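**Q** What follows is the residue order along each chain.
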Amino acid sequence: MGILDKEFSDSNIIITNFDNLMNWARLSSLWQLGFGLACCAIEMMATSASHYDFDRFGVIPRNTPRQADIIIISGTVTLKMALRIKRLYEQIADPKYIISMGSCSNCGGPYWEHGYHVLKGVDRVIPVDVYVPGCPPRPEALLEGLLKLQEKIRNESSVKKTA
Amino acid sequence: MKSSKEIFEILKDEFGDKILELKEDIPVDPYIIVTPDSTEKIARFLHDSSDLQFDSLMVLSGVDDNNPVKTKNEDGTESLSGGTLSVYYHLYSIPLNHKIVIRAVTEKENPMVQSVESVWKTADWHEREAFDMVGIRFENHPDLTRILLPYDWDESSFPLRKDYKNPEFYQGMKIPY
Amino acid sequence: MLELFTELTGNALLGMIINSLIPLVFVIPLALFFVWLERKVSAHMQDRLGPMITGSHGWLQTFADVLKLLQKEDIIPADADRKLFTIAPILVFAGSYAAFAAIPFSSAYIGSEIDMGIFYVVAVSGLVVAGILMAGWSSNNKYSLLGAMRSVAQIISYEIPTVLVILSIVVLAGTLNLLKISEMQTAYFWNWFIFGGPEPGLIKFLLIPFMFAGFLILYISSLAEVNRTPFDIPEAESELVAGYHTEYSGMKFAMFFLSEYANMFVVSAIVSAVFFGGYQSPFGYLGNSLGISWLVPIEQFFWFTAKGIFFVFVQMWLRWTLPRLRVDQLMAVCWKYLIPYSFVNLIIIAFLELYR
Amino acid sequence: MSIKTEHMVLNMGPQHPSTHGVLRLELELNGELIVNVKPHIGYLHRCFEKHAEAMTYPQIIPYTDRIDYLASISNNFGYAVTVEKLMGIQVPERVEYIRVIFGELQRIASHLVAIGTYGLDIGAFTPFLYCFRDREKILSLFEMTCGARLLYNYIWVGGLSHDIHPEFVRLTREFLNYFRPQVEEVNQLLSYNKIFIERTANIGILPAETAINFGMTGPNLRGSGVKFDLRRNDPYSIYDRFDFDIPVGDGRMGTVGDCWDRYFVRVLEIEQSIRIIEQALDQIPEGDVSSAIPKRIKPPVGSVYGRVENPRGELGYFLISDGGLNPFRLKVRGPSFVSLSVMGELCKGHLIADVIAILGSIDIVLGEVDR
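Residue numbers (this note's numbering), protein chains in the order written: chain B, 364 to 526; chain L, 4 to 180; chain C, -6 to 349; chain A, 893 to 1263.
Simulated from the structure, these hints should not be mistaken for lab results.
A quick note: this is a predicted structure, and the numbers were derived from the prediction, not measured.
Backbone N, C-alpha and C fix where the C-beta goes; we use that ideal spot for every residue, glycine too.
Mixed in with the good hints there might be a few duds.
Covered by chain A, per the in silico footprint, the following chain C stretches (three or more residues, Cβ under 8 Å) [as the list claims (entries may be wrong)]:
(1) 30 to 43
(2) 317 to 329
The calculated lysine-lysine pairs, modelled on PhoX-like cross-linking and capped at a C-alpha distance of 20 Å, are [unchecked claim]:
(3) A/Lys930 to C/Lys135
(4) L/Lys26 to A/Lys977
(5) L/Lys124 to A/Lys1240
(6) L/Lys21 to L/Lys8
Next comes chain B alone, as it looks inside the complex (with noise of 0.2 Å):
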């Protein structure tokens, strides 16, 4: 975050707190990005369904991106979709997270040799915070994700900064 980062050197007790209770709400209320890529959108899907609910960690699908915290890169970025995906990255409001879904996001997966019109790894346009691995990855693996993300909020700090 870093809203705070000139005024204090070093973060007090209430500051603490205060971090604490900002972190938790952000972490507790992840709304995802209702925006399915590939093959991996349909486990996102199986993840908000009954089955494995999404919705137990607060994980709710906005199709604005304008409300939206998370985007879930789900599946292989082409060139044509690539600089869409940055606009609508633009378009969350601030702090935003990204959650790369499967090989494909990752790094290109099956098509990173011969895929002319496949982008190599979703870093190479938007910042990733999560990756996770698999072709595509079970449900129980993007909820991992998911908590790996929680994790990394809980430890971020308004006074100084993470990244």
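Given chain B's structure and the hints, the job is docking chains L, C and A onto it.
**A** Same frame as chain B, now just chains L, C and A:
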């Protein structure tokens, strides 16, 4: 139900020298080679004729035949040029339950085939795809633009040609791994 | 109640402020509770669990949501009309909050006991339309605009059957004052207007079917007024992304969000006030039988909230069961069916009242 | 005096909740009325055909999974059938039966997604989750057999990657017994819902002739009343041994070929798939599943067009072999690709909400549209 041989005979009677040959010796599907400048007329006949009734175009594929002609340059090096591109039409008749494959061969230098979009609407997108991937131009097609690749993709770059080279960048994004 | 606060603080202005803040203290936790309830109800209907991690059974979920929305960046699109864009959510929230002023929570507390209370509530809910149209127009987004247009057409159309049905109750009650209407239906549930009103006699029984019809019309049109399924076309997720609030983020969105749920309670409160006795208990009061007079208002408050929550629950139930109508079908339902039916209903009820 | 007006252009997608993936529809609107619809595709073009030219025949199978990721088994199936046709391989009986069982289970799973997301498009959220819940049970049957939930790489040229689990037959029967009443539940919740019928009947009417001319296949063609199913009309594998009906749209709620018909054909097909699976489970012989897998797949020079009935229609592979280890050209005819081209024709004169209804009813998978 008619065999390829019979269909070939019917077409030969109707169109004469526009129908080049029937290829039956290689497995599995036999095909009829036609000239690219008359595919629309042939298609119209295949679709409308009461003996044939090919009401459905299953698939239209553009293929790079990969048969360039080797020419020796003056300095002794060899260079490849020319060759042919083909369009395969897989036709099926739902009422008569028979199939045929038509192949139109065109020059790679200036690939031009008549569009069959007016006969089978399926051909609309398939021809756009063949244009997009292999670079075959279809005469009289209403909207021959790229379909899968971005509209601003390099104009002379067709990925499914055998001599295709990957560009290094597209709009500032690196393409190779 | 106002007098009490004035006496306590010794200042009329301070008393007024406290008096007007009471609904806010009530409405915000209520809206948060409804959001949580909606998620739990939908989850259990769909064979899921819903929020489970944030607090026991996720009861803290909506607090976290709002706290998070507070932290979010407040985006105003470059091409948006900045003033209108900022005012719109405030107006929408103000509209739904202002409606609480005339709603009788119990015989002891009503924000303002005005004689045309029900008229005021219907009118002030109209502010919401202005806010939605502003939001849609100022966002400079096609989806927002379409959503806002739909919303305005829908809410204004459905106001007509709502008012007609309310008029039929006014004909019976002879007053627009919501407190008096509630007071009339006192004692037991057969005095509720849905069962023909407090006055006994043959006419009471003749009224019952028309009252049920009126209730259905009112409930259906109230669904449309708060943009709930099957009439949620202004924010139809699968068509218009998020409708009129597509461009809103952070706290501005939270205002839309909370006012939507507050509105749900307002319309439920009206339905229960005019047909189901408002704050009145269906079986008499424990306070009366025990002789503890201060218990009665508390009981009334409980019954009022319970009825409101029940009707909100039915709204949720419908939402997670039914598909949504198309915009022209929605208009057809209103103009071709609800308005003529409610007219006929009003005329019959008026005649019955005339020959009582 | 007339006021000058112009049509509004609305871009739907690539990120839009009901475009079923990354599809962009360019809508030209007159108020809420559609003047013209132009689909823009290619946002998921993953160069399958280029990969096929660079890979050996067995290596291509995982890529075929990813063409239509809702019906991976059917894609494997089509590819295996095509290559076997070119090489003249006869696969063992047991393999054929397992392939049919898996193909039909996959059809049920895919139709469940189609039905569920269609409900979602129309605004009913709950049937979607019920469908996903039941689909999950089918996925666990697949998982038990080959370890994967979504993309299986299960049907190989000449055989299968694994034999079925000893418990598979019993569990599948158990699932079918559980599942049959669920179809009825979906019907009550969605198919016969008055609002649902209002939204879908008489919308997006596709006459049989237009459907054939546009190359529509599968449930979309049958919804228009054409009784055409590759499993019956051009049988492959062992589909000619089973007794099943081909449901067609009959205009029960409106006109033949409207969205409701296309939707309901899918529901009826689920029931037929259950019938096929039950027959296959009864008849399945013992045997080996990998005996016919060739050591090295090197088909002769030639070309072949193989087609199978995918849940979305006719999935065709046009394979040209030059006698090498890689195909010379492998062209995929995706049913969704062809079906999507009819959008412009169907949407004219309807409202925005109908575009969603029509798009959902033709049930596309973008992976297969763009390949």
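**Q** Against each hint, give a clear statement of whether it holds in the structure.
**A** Each hint tested on the structure:
no.	hint	in the structure
1	30 to 43	holds (count 5)
2	317 to 329	holds (count 6)
3	A/Lys930 to C/Lys135	18 Å, holds
4	L/Lys26 to A/Lys977	18 Å, holds
5	L/Lys124 to A/Lys1240	17 Å, holds
6	L/Lys21 to L/Lys8	16 Å, holds
Checked against the numbered hints given earlier, this structure breaks none of them.
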